[in-house]
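Student: Okay, here's what each chain looks like letter by letter:
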Amino acid sequence: MAISPGYFLKEAGVSFRRNWVMSLGAIITIFFSLLLVGTFVITGILIQEILASVEEKVMIQVFLKDGYAPEDLDPLQTSLVEDARINSVEYVSKEQALERFKEQTADSPEIVDQLPNNPLPASLEVELVDPEDVEAVVVDIKAHPNFVNLIANPEDPEKDLKYGAEIIDKLFQLTNVVRVVVIVLVAMLVFVSMIFISNTIRLAIYARRKEIAIMRLVGASNWFIRMPFLLEGVMQGLIGAALAIGVVVVMRQWLVPWLSDTLPFLPVTLSAGATAQLGLILAAFGVAIGLIGSIFALRRYLRV
Amino acid sequence: MIVMEHVTKSYAKDKPPALKDVNVDIEAGEFVFCVGHSGSGKSTLIKLLTREILPTDGTIVVAGQDLSQMKNWKVPYLRRNIGCVFQDFKLLPNKTTYENVAFALEVIGRSRHVIRTQVPEVLRLVGLEDKGPSYPDELSGGEQQRVSIARAFVNRPPLLLADEPTGNLDPNTSLGIMSLLSRINKTGTTVLMATHDREMVDSMRRRVIALENGKVIRDQDRGVYGYGD
Ligand SMILES: Nc1ncnc2c1ncn2[C@@H]1O[C@H](COP(=O)(O)OP(=O)(O)O)[C@@H](O)[C@H]1O
Ligand SMILES: [Mg+2]
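Chains as they are written, first to last, in my numbering: chain S, 58 to 361; chain C, 4 to 232.
These are computed hints drawn from the structure, not numbers from a lab. Keep in mind it's a predicted model, so treat the numbers as computed, not measured. For glycine and all other residues, C-beta sits at the position ideal for the given N, C-alpha and C. Some hints could be false.
Claimed, not checked - A short, non-exhaustive set of chain C residues, derived as facing chain S with CB atoms under 10 Å: (1) E55; (2) T59; (3) Q72; (4) W76; (5) P79; (6) Y80; (7) I85; (8) L95; (9) R154; (10) V157; (11) P161.
Claimed, not checked - Computed Cβ-Cβ distance ranges for the label pairs, DEER-style: (12) C/D24 x S/V71: 41 to 51 Å; (13) S/G70 x C/P174: 29 to 39 Å; (14) S/R357 x C/K16: 18 to 28 Å; (15) S/A329 x C/R83: 21 to 31 Å; (16) C/Y138 x S/G70: 49 to 59 Å.
Just need the whole structure built from these sequences, with the hints factored in.
Tutor: This is how it looks when you write it as structure tokens:
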């Protein structure tokens, strides 16, 4: 077709100005839903990183009572080493534990000097392949026949078995709840923005009904008649997406440094590549919402 | 150019059909009047030819194409071969004469070059070469109808359908429109015109197809409007 894309852009622009209240409503709801999606994805990425760093630190420590019998330890250690879920098992003697403690408290060596003897227990440090197995491995360790003989408090084994389960569980639970809430919110916002868009398009169709009638009369193709309306929906989607992307970029600029200042112990970073990818995803989302909204209106209000 | 065989059109089950068993054969290049009282089915016949509506029964062939077999997406291409003129002109009020005519070419994707040569040419043909920049509300009824004829003819369709094109015009102006349609017919374009303007039909002495209550009651070469009424 010899027609220039300028024709469609002009038509879409004119109609946009004519129905600016509806258009604005559509853009704002698209903006909010995409912003939510964006924030959610960013939070997801950050939590993923935090989890990864926490996961590296997830290890099960089994503290051994003073004077345990080495023949009790060996079978447990062997069975752990042979376990496929376990990455490594390291034995830390009382002396090594004290060395570590000294390193950690190098600023105030008097603490260690004041100790009459070495109060730190020897331990086994069990590192997992996949931190999600932590509960299962803990259960297995507790069930091992030698376990009670090795620890100082057989009546309360939790005292001698340390692992980061609490944090991980909470994080997993939190992300699951957040995920559900965000998905429901986004679905609602997307629904509302589609209603806005299809209303805008309906008004645009109504405003141009004479032109449309004549286009039909002189044989304009169906796609030609639909195109300005599709474009209008896509434009609204893209503008909403652009606003959301703008806010995401600002968030990356200000929020991420602030977070990593406030939470120095957690690795809070968001790469430029991930941000660009997110931008593309949001733009695609916006276009899809705009297209679906206007296709919906065209099917209902513009029989061709 | 137009073949209708046993065409029946019912708008509603509980009402008598608007057209009943209509058989019409119009050759390329003919000029044909379709006459009848208001409600006799003239507009229905024209809408069937542009496939704005489908017949309840029977076959319609326009320019070699069977309309009831035609896929929906092909209908626009059929309409590019049919010019349409109506009693109410159907001009866009916010566009000038030139723009109204150019619009018909723009929306079927004709190039700017084609538009710039064909629009002035057709405006000259209908005698409105000076009225290009005027808006419809600055034109008389006759001039507006000429614009709508220019728009219908700018793409040089082989078939021109006119549904009571002189219905809103005084007799003198109507005569001007008639002679314009005759001129267009002389270029080889088939013209089918629905009307109930008795004097005009009688003066032109062309083929007349008369409808009454949806039936063809007379089909006569060099005919007149009718006797009894
Ligand atoms: N869209 C429609 N729905 C229902 N009935 C219609 C419709 N259009 C026309 N009719 C009926 O069909 C008959 C023929 O109408 P029409 O073709 O408009 O006649 P004419 O153009 O000769 O005045 C009339 O009885 C009219 O009421
Ligand atoms: Mg009529």
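Student: Answer holds if the nearest beta-carbon of chain S is closer than 10 Å to that of C/Q72; otherwise answer violated.
Tutor: Violated. Min distance 18 Å.
Student: Minimum Cβ distance from C/E55 to chain S below 10 Å?
Tutor: Cβ of C/E55 sits 8 Å from chain S, so the hint holds.
Student: Is the interface hint satisfied for C/P79? The criterion is a beta-carbon contact with chain S at less than 10 Å.
Tutor: holds, 4 Å
Student: With a cut-off of 10 Å, does the beta carbon of C/R154 approach a beta carbon of chain S closely enough for the hint to hold?
Tutor: holds, 7 Å
Student: Looking only at beta-carbon atoms, does the pair S/G70, C/P174 fall within the given range of 29 to 39 Å?
Tutor: Once the Cβ atoms are compared, 46 Å apart, the range 29 to 39 Å for C/P174 and S/G70 is violated.
Student: Cβ-Cβ distance between S/R357 and C/K16: within 18 to 28 Å?
Tutor: holds, 26 Å
Student: Return the status of the interface hint for C/T59: holds when the least beta-carbon distance to chain S is below 10 Å, violated otherwise.
Tutor: violated, 19 Å
Student: So, as I understand it, the hint says C/Y80 touches chain S; can you test that by seeing if any CB pair is closer than 10 Å?
Tutor: holds, 6 Å
Student: Hint validation: C/P161 versus chain S, beta carbon distance must be below 10 Å. Holds or violated?
Tutor: Result: violated, 13 Å to nearest chain S Cβ.
Student: Holds or violated: is the Cβ of C/L95 closer than 10 Å to a Cβ in chain S?
Tutor: holds, 6 Å
Student: Does the hinted range 41 to 51 Å hold for C/D24 and S/V71 at CB?
Tutor: holds, 48 Å
Student: Lying within 49 to 59 Å: is that true of the beta-carbon distance C/Y138 to S/G70?
Tutor: Check failed, 22 Å falls outside 49 to 59 Å.
Violated hints, listed in ascending order, are 2, 3, 11, 13, 15 and 16; each of the other numbered hints is respected by the structure.
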